[in-house]
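> Please put together the full structure from these sequences, using the hints given.
For the record, the sequence lines run as chains L and E.
Here this note's numbering is used: position 38 in the first sequence is 29, and no number is missing along the way.
Here this note's numbering is used: position 515 in the second sequence is 496, and no number is missing along the way.
Worth flagging that the hints you see were computed from the coordinates, not collected in a lab.
For every residue, glycine included, the Cβ atom is placed at its ideal position computed from N, Cα and C.
Misleading hints may appear alongside valid ones.
[Stated by the list, open to error] Cβ pair distances, simulated, as ranges: (1) E:L531 - L:H222: 25 to 35 angstroms; (2) E:R444 - L:L18: 33 to 43 angstroms; (3) L:N131 - E:V66: 53 to 63 angstroms.
So the chains spell out like this:
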Amino acid sequence: AMEDVSAKFVSQKISRTRWRPLPPAALQPPDLFATGSWDNEDNRISIWSVGDLGNTGLNGEYHGEPHLLCDIQHNGDVMDMQFLDQERIVVASSTGTVTIFRHHQNNQTLSADHRWAKAHYHVDQDTSCGGAACTGVVCNNPEIVTVGEDGRINLFRADQKDAVRTIDNADSSTLHAVTFLRTTEILTVNSIGQLKIWDLRQQRNEPSQIFSLAGDRVPLHCVDRHPNQQHIVATGGQDGMLSIWDIRQGTMPVSLLNAHEAEMWEVHFHPSDPDHLFTCSEDGSLWHWDTSANVSEKPSFLHQGGRSTAYLSHSTMNQSVVSAWLSNDPTKDRMEITNLIPNQTLSVNSLDVLGPCLVYGTDAEAIYVNRQLFA
Amino acid sequence: TDTVPPQVVPGADPSARQLCFAWGPAEVLVCETLFSRAGRSRSPCPSRSPCPSLFWGEGRAGAAARALTGSVAGTGDGAPSSSRVFVVRRDQDIYIHTLRKLFNESHGIFMGLQRSEEELAGKSRKAQLVQVSKNYRSVIRACMEDMHQAAVSTRDPALQGQYSTQVSILSAMELIWNLCEILFVEAATAGPLLLRLLDWVRLHVCDVDSMVREVLSSESPSKHKLFWNVVDVFVLQGRMDEARHLLSKEASANPASMNMYKILDDLMKKMPVPSLGNIQTLTELELKWQHWHEECQRYLQDGTFASNPHMESICKILLGDEDAILEKKELMTTWYHFLVTRLLYSHPTVKPMELRFYAQSSMDLFLGGESSPEPLDMILMAAFEFEMHQVIKECSIVLSHWWFVAHLTDLLDHCKLLQSHNLYFGSNMREFLLLEYASGLFSHHSLWQLGVDYFDHCPEYGRVYLELHIERIPLSTEQKALKVLRICEQRQMHEQVRSICKIMAMKALRNNRLGSALSWSIRAKDAAFATLISDRFLKDYCEKGCFSDLDLIDNLGPSMLLSDRLTFLGKYREFHRLYGEKRFAEAARLLLTLMTAHIAPCSFWMTLLTDALPLLEQKEVIFSAEQTYELMRCLEDLTAGNPDKQKFQDDDVETTKVEMLRLALARNLARVIVKEGTVEGS
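See below:
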């Protein structure tokens, strides 16, 4: 419900929002998140606490909205951001630099821990100019993989000064996003509609597999992998389309789902409840895709008015797997889609989901926290 | 409002020429005009001198000059005919930091208003518009809160002063907006009008709030030295229940004068007030009022309150005695409070159109010739006079950015109050102000995205403005370029789409990113550029003997058809793939088609023919007789038809190549004749 959403105008355009990961076996919902800004003269990384909804704090002040804990200046637009662990955040910059920031929780400050200057670059790494935007970063502590406009893939280790591995000219077009498929394999998406798998154990500087959209090679902007069924991958494209891929077979997506009216900037499976998927877009909308009604064993959520049930036809149906996302049974082929932001006009650049909580940030310089996603 | 000495922009000479301004949220452009000081009548501020002076503390150019990192842009050679432009920029980041919230949050309200249903009839439409107005005001108030918090939490006294000034500017904005909401948007009628004005005064006259708090929180309020002041404040603001509550405390402490208190309490309780529910007619109210008024008069004349000057003065106030009310000048602090108090106790059923007379006389009485009215007073006066355009004009002159006038004017326009007013240059006032505001947003490093939606809602010139501004957005990353591109594509701005893609393609090309360059030109459907890039690929191939960016070329798909050269590139690469897969017959057919169908550029034929060599040398015969003849014709066309014969004569390598080809073709022909003869014969 919308009334559970708290908003804050922050006077900077938000390019990324990320929940701080929870310690193992934690029971409480996440309480801290990080944001990065873009297109400011002075861009910042900020750490926020969500505050207590409807409660008053110890000092008696009202904590309904996110509350800034600390921030630090960041050189260039924040293009992507990922927590490495509870304290460290890896940030990709439009200058091509990749930085690890450390959040000191004892005195609420941020500091730069390590910096790989111009990890992405055009032509020559040593010249004063020529940095190429680093567009994506993914972490699997201590490993960090980055991709960029230079079509380069870097593999770093948090504890090593130099890159462990660099694949120059890995892609002739811009790499827009990266995620881990398995511990040694990564997935990348690029600006000519391709999804590629790279095996980092192999010394060959070529992808082990290339998947591609048919027809117009619409650029892909984001990618996420199903947390439990690793062969299921979701990508979002420039035309706002959501594609679901089964990387065990075929070279084309299993389904193409009409979604947003403009670029889909992020797609995320819910990490612990992957029947739910979230996407956000340049068109100012944020969609919640719910396939839980598909699985008969699970109790379905009660849906109130305002939610729409859509019946979607899949473009190709060659699956026999019992997964809501790959389902080919037309009678079960049912998905509930809810736009969580009606009437928004400016882009929703980023979202993150963890437990019952959703955080997202916009070009209208606001951050929003919803702490009862499934209420 | 505090007065700060006028400041001039360094280098500008306002004594010689009049200056004009254009300002965005963070900087002001000051420009010398052609008008000399003699043309005073054209000056927007004839009564003030010298022109770029400060109006409200931190207003406009003066403020900018004060906090200035002023720099002169453009050439100023000092020649009398040339005008100079000065860029004046504020230092205070925090100032704009808070205003950004105002701009962003109000953008959402503005968009909601543009979407709102005009069909809603009468009352519900009005309610909708009043709600929009209230939303705008709550954004201003939130901003004020923020600025106030900043003022409280800073330790730097200078900074604190600046914040406080900002708070008072925002507070004045909200005061004006609220009055406009009552008079124009809601258009309150006689009766409810007074109630609205009372709310307005209660909300905005806060100077006495701390005094009220102090007295109420003291142990025994009635013993407090400011006790009667607080009672007076309540009476002056028409807060009867609160006044009576306080008085009852005093009464219980003074049993002797209990009777007197009871009578006053009764008068205050019985005072007839207009109701919002419209249950009673105005005539009924006036009758009741007359009756009550006479009762008060009786008690005053028979000296009931003579023993207590405080109570006597309250009774006089109830009777609307101007002198008695004016005595409490300090408690009212402003003339418009005085006006509303006067109306409450003398003319509770005042009609909107009568306001102007009471407003003027209240201001004259209150100021008493001691001080002259300030800009804020003039704006409020114009509102009371229902001179909407005057309000907007004065606000435009006084406020340091266009936010206020642009949004207020738009709202009034939606109330259908401004339609008759067209400006001499074609567009109406609403559009003019929105254009100025949005242009200001575009001058800001980050706020340009907001400006787009405002231009969209300017039917006359919005499109042109957007086209001119959007081209000036620096495209620092592909991501940003994509966002700008999306704006242009949604509005079918083909020219701008092409130019953005071209810029990005050029950038990619300079960085040797042929793949990216190609995808940008495919997006713009820019055939010429796709050809240029294809040539680069082919040149690379000729030099290195292998293709770069295979992942791209192998996956061109339908975009291959964008340009002939691109088609050729894709097909030529396909030939290599077929050859690599040892599908020689298919490869040979494709190779020949590339030449005979004129897909390949002539300059590339030699390369293609050379590529045919290994096919001609295969053990198995691949080219048929007919195909071999065609190859031969291609070769002869190339060597004979080419006017630039020197190329072949001067170059031994080329000559050898041609000779080798002729030989290979002849041998192939011989083999194929034998083979075909055999096949046919058998």
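> So the hint says 25 to 35 angstroms: do the beta-carbon atoms of L531 (chain E) and H222 (chain L) match that?
Hint holds: Cβ distance 26 angstroms, inside 25 to 35 angstroms.
> For the pair N131 (chain L) and V66 (chain E), does the Cβ-Cβ distance stay inside 53 to 63 angstroms?
holds (55 angstroms)
> Okay, R444 (chain E) versus L18 (chain L) on CB: inside 33 to 43 angstroms?
Roughly 56 angstroms apart at Cβ, these two residues miss the hinted range, so it is violated.
Of the numbered hints given earlier, the model fails hint 2 alone.
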